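Visitor: Could you put the whole structure together from the sequences, leaning on the hints where they help?
What follows is the residue order along each chain.
2 protein chains.
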Amino acid sequence: MEWKNFDLLESYKKLEAMKETVNVKELMSGENGAKRVKEYQIPMASGMTYCYAAKQVDDKLLEVLQELADEAELADKYKALYNGAVINTGEKRLVLHQLTRGQLGDDVVADGINKREFYIAQQTRAAEFANKVHAGEIVNENGEKFTTAVQIGIGGSDLGPRALYLSLENWAKVNGTHKMEARFISNVDPDDASAVLASIDVAHSIFVLVSKSGTTLETLTNEAFVKNALTSAGLDPSKHMVAVTSETSPLAGNADYLDSFYMDDFIGGRYSSTSAVGGVILSLAFGPEVFGRILKGCAEEDELAKNADIKKNPAMLDALIGVYERNFLGYSSTAVLPYSQGLSRFPAHLQQLDMESNGKSVNRFGEKIDYVTGPAIFGEPGTNGQHSFYQLLHQGTGIIPLQFVGFKHNQMDNDVVIQGSTSQQKLCANVAAQIMAFACGKDDENCNKYFEGGRPSSIIVGDQLNPETLGTLLAHFENKVMFQGFVWNINSFDQEGVQLGKVLAKKVLAKETDGALTEYSKLLGIF
Amino acid sequence: MEWKNFDLLESYKKLEAMKETVNVKELMSGENGAKRVKEYQIPMASGMTYCYAAKQVDDKLLEVLQELADEAELADKYKALYNGAVINTGEKRLVLHQLTRGQLGDDVVADGINKREFYIAQQTRAAEFANKVHAGEIVNENGEKFTTAVQIGIGGSDLGPRALYLSLENWAKVNGTHKMEARFISNVDPDDASAVLASIDVAHSIFVLVSKSGTTLETLTNEAFVKNALTSAGLDPSKHMVAVTSETSPLAGNADYLDSFYMDDFIGGRYSSTSAVGGVILSLAFGPEVFGRILKGCAEEDELAKNADIKKNPAMLDALIGVYERNFLGYSSTAVLPYSQGLSRFPAHLQQLDMESNGKSVNRFGEKIDYVTGPAIFGEPGTNGQHSFYQLLHQGTGIIPLQFVGFKHNQMDNDVVIQGSTSQQKLCANVAAQIMAFACGKDDENCNKYFEGGRPSSIIVGDQLNPETLGTLLAHFENKVMFQGFVWNINSFDQEGVQLGKVLAKKVLAKETDGALTEYSKLLGIF
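As you go down the protein sequences, you meet chains A and H in turn.
Residues in the first sequence are numbered from 5 upward in steps of one, following my numbering.
Residues in the second sequence are numbered from 5 upward in steps of one, following my numbering.
Simulated from the structure, these hints should not be mistaken for lab results.
There's no promise every hint is true.
Remember, identical chains collapse to one label, so a pair may be satisfied in a single copy or spanning two.
Under the rule of at most 27 angstroms between Cα atoms (straight-line distance), these lysine-lysine pairs were calculated in the DSSO-like manner [stated by the list, open to error]:
hint: 1; residue 1: K83; residue 2: K243
hint: 2; residue 1: K81; residue 2: K506
hint: 3; residue 1: K243; residue 2: K526
hint: 4; residue 1: K315; residue 2: K83
hint: 5; residue 1: K446; residue 2: K23
hint: 6; residue 1: K81; residue 2: K510
Bear in mind that the values here come from a model prediction, so they are computed numbers and not experimental data.
Guide: Written out as structure tokens, the structure reads:
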């Protein structure tokens, strides 16, 4: 197996010669378009489908993308990853988030510990803890049940778990598996913690403090904030707080907490939703069984991602089409457009996942590269986005590739028929309509009403947003980002770019600044 | 006054010759950097400051930007707009949102009506209505006070009012002006309305139905959803609902509503927060006095925007720097990064405001243009974003200009000292640190820890996020977008790009499809 820069590959040169050869508008029109939609879709896990008919690809291009997959040894690199190779070269770490949801290959043993067993043990502990809280065996000082769980964390300890919670909150309420309300405190802005604390009953709340290192300044600050609130209410913080951290952190096995649950250095923050980082809060909110179903949805998708054949590997195919769009068609951002209110914060999670993983300018050996890497990611749920930024997507001067997500059924049991259709039918009709409007556009003598078309999109469709499909979605995008990182020959698992700001912020707080930094500090009223 | 395409201007050619001449990294380093920060800031309304020191501009370039402002007659065009010219050429409409908050020039009379008086009359009616609701003079069927106000609207009837509500919710709670809870229903996904309805006490809720045309499908569908819920609870919908609409819409003066409040065709959805669209819900939530203070913050900023001197006109300067970045430095997106939890949804509002206004490929006469227009806009509150997508902003292969917003004081009265500083100080230290990290970067022999720097940003600083500063922020960005539209010679006030999708969605619902649209409809389970 060889780690080579993308632009050294034969398939890179082939792709470069194939820029803008595919006319989506033409290919998607008429009966050929119908045929194309049927042919250009492949199954995902959990009964979902990935359809790429409206992407700027054809059979010839797909062949070269397959060559690229083979030449870049994507399947082998994934195999190396899940078998425990040091894929995170910068930090010299294994990358094991897939192992939290399934045994994909060999046993992975590090520091004498079978990691799969370790992750399962933590899941079991979190499950037992959640069950005891739900059963009223773990209670507050007055012997009363806890009703609310509050996650204190930032970045990967916040965005993923929060997005997953919101994705299933209403589903769980309808399905009788909503055990506790969940809330999230993340920002160091004191108003974030204040507002959350004001909205809950602290006496019946359990706080889940999440920091791998146990040193994240925002999180420790918000912990102090919460402890103050508990103490002011005459409560004992140690009876209201658990920690999720690494075994070597100052938070581990600390008597200040009811209990501690462990992750390790082999799971990056943005990949940690399926570890204890997401497991504790989601098991508290929905019960361990629902969390297990999310893991199952991930595991099946992780299995699919093993296929070396891109037509049988939606994450790999999605990744390769994305690379083609980025490096050869020059598109610099991607919009994620879930037609499901439950996925309202899923784009924010994907924004971190993708931009923090692949927003890199050096290869995995720390050498500067000469091609572009990860795009900017943004998105809002449809149909809201349609009444907002879609104007630019349809008629702006640049092209932004689109990732739609849709479901046949909504989550709650309430719907209404207006003008002959349900809201859910309207929602789905809109996503179908948008894909075609973007792909084929519309001729009009009035240039202002003219739609150029040729604006590429793909869609992932599921039956309903539930634990399994949610897990599949999560794993799909994690694996897509991973494969793109392999193609670009970058390390998708470190984040050195976040360090400098932290260092300078500390200087400001220590008043050890000079020059412009001093002036900005004055402008902001710190000095 | 002449409306000319941007690339026909002399200053266009001059700017084209000045690509990438300014080295931010160098200019922001050392004591020169300190001097630059002090010099490159100008006052905004409400005591705020716009600082552009970390932008890729110098005095020479600013001179040419001033020439551009003069040559494009930006101040004159703004004057024409607020004096009632038909600036929205596509729809042949005046553009009068500034008139909702102040008389900037001549009286504007349309259809025999003085429009300023009309807008004030609607504000007064909304204020009286809100006061009566708060005083218990307008009550539910059981004579009980309403406690919650729910806006039903989408796009501009949702994003702006929602962002403003969230911006002041906690401020109002601390300052004793929080009169009612506000909620928002927008998406046609039935789970959106279901979840909101499940979270409120419908018997004590008043619903504000907002649709200018009275025909927005999503909004009418959600209205039916809400009416069902009211009827099921044994309540009379006409006692729980008001309409905000145009006087010619089917919703106007309709006995199905407690009352109707009016807007007109001269205020576009995304510019409508200061009309009755925002006025009714915000007056209900915070009282008319607070809404009046928002308008005051806008009006002062609108006045500032009259200045032909870009050094005295922050919106115009911001606009011109943005144009330079977009057209000559080739940056295709902009990140909005408010360091204030209250502004959590403000980027989503700006995303609509900017991308729907300036995502255009034809000039105001409907002719195709040959230069790029509006960028993609996205953002999340700091410090959350720092732990997410900032990696790409710092070390990605492309440059994304940054718009920071910061405040010296937080909104709520709670803060905590950890490691010698308050949370608010940490928040502000982080924004100062980030600006410098982006501007100056950091050398390192390890390429993985190397920060190139030269990544441009500006910052808007205020004392506190309150009604006045919020209004100023809102108007600043509206005016920025307007000036950019003038430079690009496009119509920033129509949105033809949203039409095609609507037409196709109707075809799907009527089952009048063929080709690929049929297949997508099947895939999504509609057929």
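Visitor: Against this structure, judge whether each hint is valid.
Guide: Here is what the structure says about each hint:
1. K83 - K243: Neither: 43 angstroms inside a chain and 64 angstroms across chains, both beyond 27 angstroms.
2. K81 - K506: neither (33 angstroms within a copy, 44 angstroms between copies)
3. K243 - K526: neither (41 angstroms within a copy, 53 angstroms between copies)
4. K315 - K83: within (18 angstroms within a copy, 59 angstroms between copies)
5. K446 - K23: within (24 angstroms within a copy, 36 angstroms between copies)
6. K81 - K510: Neither: 39 angstroms inside a copy, 46 angstroms across copies.
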